[in-house]
Amino acid sequence: MKLVDRAGRLPDWLSKAKNLTEKVLFSSAVLKRNLLDYPFPNRADESELRDVQERIAVALELLPDVEGEFFSLDGMSNSECELLRERFVRVNCEGEKSGRGAFLSEDEQVSVVVNGNDHLELEVKIGGLNVKEAMKTANDIDNFIGSVVEFAFADGIGFLTADPFEAGLAMHLGVALHLPGIATSRQLKTLSEIVQSANLRITPVFQNGLGNVFRMESTRQLGASENEVYTAFTEVLDLVMDLEDDTRDMLLEKFPLEVEDRIRRSLAVLRSALILEFEEAIELLSMLRLGLSLGLLSGITFRELDETMFLTQPQHLKTAFAENDKVNLDSVRAAFVRSRIQKVSG
Amino acid sequence: MLCEYCGVREAEVEFLDVSSRGIRRHHLCKVCAAKLAINPELLDIEGYPQFQAYGGNYALERCSRCALSFEEYRETGKFGCANCYFSFWEAILPEIEKFNGSKDYRGKAYHRDSNRFALFDKYVALQRRLKIAAAEEEFELAADIKRQLDKIKRILTYEISR
Chain A
1 MKLVDRAGRL
11 PDWLSKAKNL
21 TEKVLFSSAV
31 LKRNLLDYPF
41 PNRADESELR
51 DVQERIAVAL
61 ELLPDVEGEF
71 FSLDGMSNSE
81 CELLRERFVR
91 VNCEGEKSGR
101 GAFLSEDEQV
111 SVVVNGNDHL
121 ELEVKIGGLN
131 VKEAMKTAND
141 IDNFIGSVVE
151 FAFADGIGFL
161 TADPFEAGLA
171 MHLGVALHLP
181 GIATSRQLKT
191 LSEIVQSANL
201 RITPVFQNGL
211 GNVFRMESTR
221 QLGASENEVY
231 TAFTEVLDLV
241 MDLEDDTRDM
251 LLEKFPLEVE
261 DRIRRSLAVL
271 RSALILEFEE
281 AIELLSMLRL
291 GLSLGLLSGI
301 TFRELDETMF
311 LTQPQHLKTA
321 FAENDKVNLD
331 SVRAAFVRSR
341 IQKVSG
Chain B
347 MLCEYCGVRE
357 AEVEFLDVSS
367 RGIRRHHLCK
377 VCAAKLAINP
387 ELLDIEGYPQ
397 FQAYGGNYAL
407 ERCSRCALSF
417 EEYRETGKFG
427 CANCYFSFWE
437 AILPEIEKFN
447 GSKDYRGKAY
457 HRDSNRFALF
467 DKYVALQRRL
477 KIAAAEEEFE
487 LAADIKRQLD
497 KIKRILTYEI
507 SR
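As given, the protein sequences belong to chains A and B, one line each in that order.
Residue 75 in this note's numbering sits at position 75 of the first sequence, and the numbers go up by one each step.
Residue 504 in this note's numbering sits at position 158 of the second sequence, and the numbers go up by one each step.
Quick caveat, the hints were computed from the structure, so don't treat them as lab data.
All C-beta atoms in this analysis are idealised placements derived from N, C-alpha and C, irrespective of residue type, glycine included.
Worth double-checking, as some hints may not be accurate.
With a Cα cut of at most 30 angstroms, we get these calculated DSS-like pairs of lysine-lysine [stated by the list, open to error]:
(1) A:K97 - B:K449
(2) A:K136 - B:K376
(3) B:K468 - A:K132
Chain B is faced by these chain A residues, among others (derived, beta-carbon under 10 angstroms) [what the hints assert, rightly or not]:
(4) S147
(5) A152
(6) E193
(7) G223
(8) I341
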C-alpha cells in the first residue's frame with residue numbers, strides 16, 4: 001500500500017484502542033539500537049547507510065507475525081514525509097534523506113525509523129493505556145532483530161547509542177496524555193518538576209502544546225531494569241493523572257461558569273465556522289474532549305474525537321480530502337470537523 | 347599489513363594502547379578494532395589498554411575507529427561509533443552517572459549467536475544474488491537461490507517461534 005493511501009485510514013493505535021481512558025490516548029515503547037559493524041548514522045558514509053538499511057529491512061521482512069512495508073526517504077516527496085511525521089513516525093524530513101527510511105507495519109503498531117539518530121529506532125504504539133504490552137511487543141521484536149544482526153552492546157554499559165545519554169536500556173516508555181486541566185490552569189511547570197525529578201520528560205505532541213496533548217516518556221537508562229523503569233513510570237503516571245483530576249476539580253469549583261462557557265463556546269465555533277485553521281481546530285476539539293469527560297457533552301466518544309484531531313492535521317487533510325492545491329484547506333477542515341461533531345449534544 | 351589480532355583481514359585502524367609504560371601502537375582491521383574496543387580484555391597483546399585522564403585532557407583525543415574528536419562530541423552531543431564508548435565513556439561518566447543516578451547497566455542481557463549472524467549474512471548475500479539472477483533472466487539459478495533462501499528463512503524464524 002502506498003503511503004498516500006494510508007492517509008484516509010486510521011492507524012490501529014488510534015482506531016482500536018483498548019483500555020481507552022479519557023486521559024491516555026496511546027502508549028508507546030521505543031528501543032534504539034545500532035549495528036556493531038557500522039559507524040553511527042552521523043559518521044557513516046552513504047554506502048554504509050545503505051548497507052545498514054538493507055540489513056534492517058531484510059531483518060524486518062523475516063520478523064514473524066509482523067506484516068509491513070519499508071518506505072525509503074530517498075526520493076520521497078516532502079508531503080509524503082510530512083504524512084509519516086503526522087502519523088507519529090519520528091523521521092527527520094528536513095535532514096539528509098539518502099540511505100534513510102522507515103518501516104511501518106500494516107496496523108501501524110510497529111514503526112522502525114532507520115538511520116535517524118541511530119541505526120534503528122523501534123517504536124511500538126498501542127491505543128489507550130497499555131505500556132506493558134507495548135514494552136513486551138517491542139522486546140520480542142528487539143530480540144529477533146538482535147539475533148540476526150549484531151547490536152553494539154557493551155557489558156556494563158548496555159546498548160550503545162549515538163547519544164551517550166541514551167546508552168544502557170536505550171529505551172523510552174511513554175504515553176500520550178490529554179491534560180487540559182493542567183495546561184489551562186498554568187500548572188505545566190509543576191508537572192515538569194514532578195516529571196523531571198523522576199527521570200521522565202514531557203514534550204508536546206502537537207506544535208507548541210496545542211490541543212493540550214503531551215507525551216510523557218521515561219529517560220532513565222542505567223541503574224534500573226526495564227521492569228523497574230516501567231514501575232517507576234506508572235507510579236508517576238498515576239500522580240500526573242491525579243494532578244489533572246485535582247486541577248479539573250479546582251477549575252470547576254472556582255470557575256464553573258467560565259469552564260462551561262469555554263466548552264460550549266468551542267462547540268458553537270466548531271459547529272458554525274466556515275474556515276478553521278489546524279491550530280484553532282485542535283484547541284477547540286481539546287475543549288470538547290474536556291466537556292465530554294466532565295459530562296457536559298455527549299453524543300460522541302473519546303475515540304471519535306481523537307480520530308478527528310488526527311485527521312485534521314494539514315497533510316492528512318490535504319491528501320485525503322483536498323482535490324487540488326487550489327482548495328482552501330481551512331474550509332475543508334471546517335466542513336470535515338462539522339460533519340464529525342454533528343451528533344454532539346450538551 | 348594484516349590485522350595483529352585476527353591475522354586475516356587487512357589492518358586499517360591504528361589502535362593506541364596508552365598505559366603507564368607509554369603509548370603502544372597496534373594495527374587492527376575495522377572489525378577487530380570494533381570488537382576489541384568494547385571488549386578490551388580480549389586484547390592480549392600487551393595487556394589491558396589503560397586510558398588515563400591527566401590534566402583534564404583525555405589520553406585518546408580521537409576515536410581510533412571513526413576519528414571523532416572529543417570536541418566534536420561536545421559540539422554535537424553524539425558519538426560516531428561503538429568504539430567512541432571505549433575512547434570517551436570514562437571522560438563523560440560523571441555526567442552520565444548524574445543523569446541516570448547510577449552508572450551500572452541493569453537491563454536485559456544480550457545473547458550473541460554467531461551462527462545466526464552468519465546465516466543472516468548469507469541470507470542478505472543470497473537476496474542480492476537473487477536480484478541479479480532475476481535481472482539477467484537466469485531463471486534456474488533464481489529458483490535455486492529461492493530454495494536456499496526459504497530454507498534459511500525457516501531456520502531463522504523457527505528458532506524464535508519455538
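(request) Run the structure past the numbered hints and jot down the numbers of the failing ones, going up. (result) Checked against the structure, the hints that fail are numbers 1, 2, 3, 6 and 8, while the rest are satisfied.
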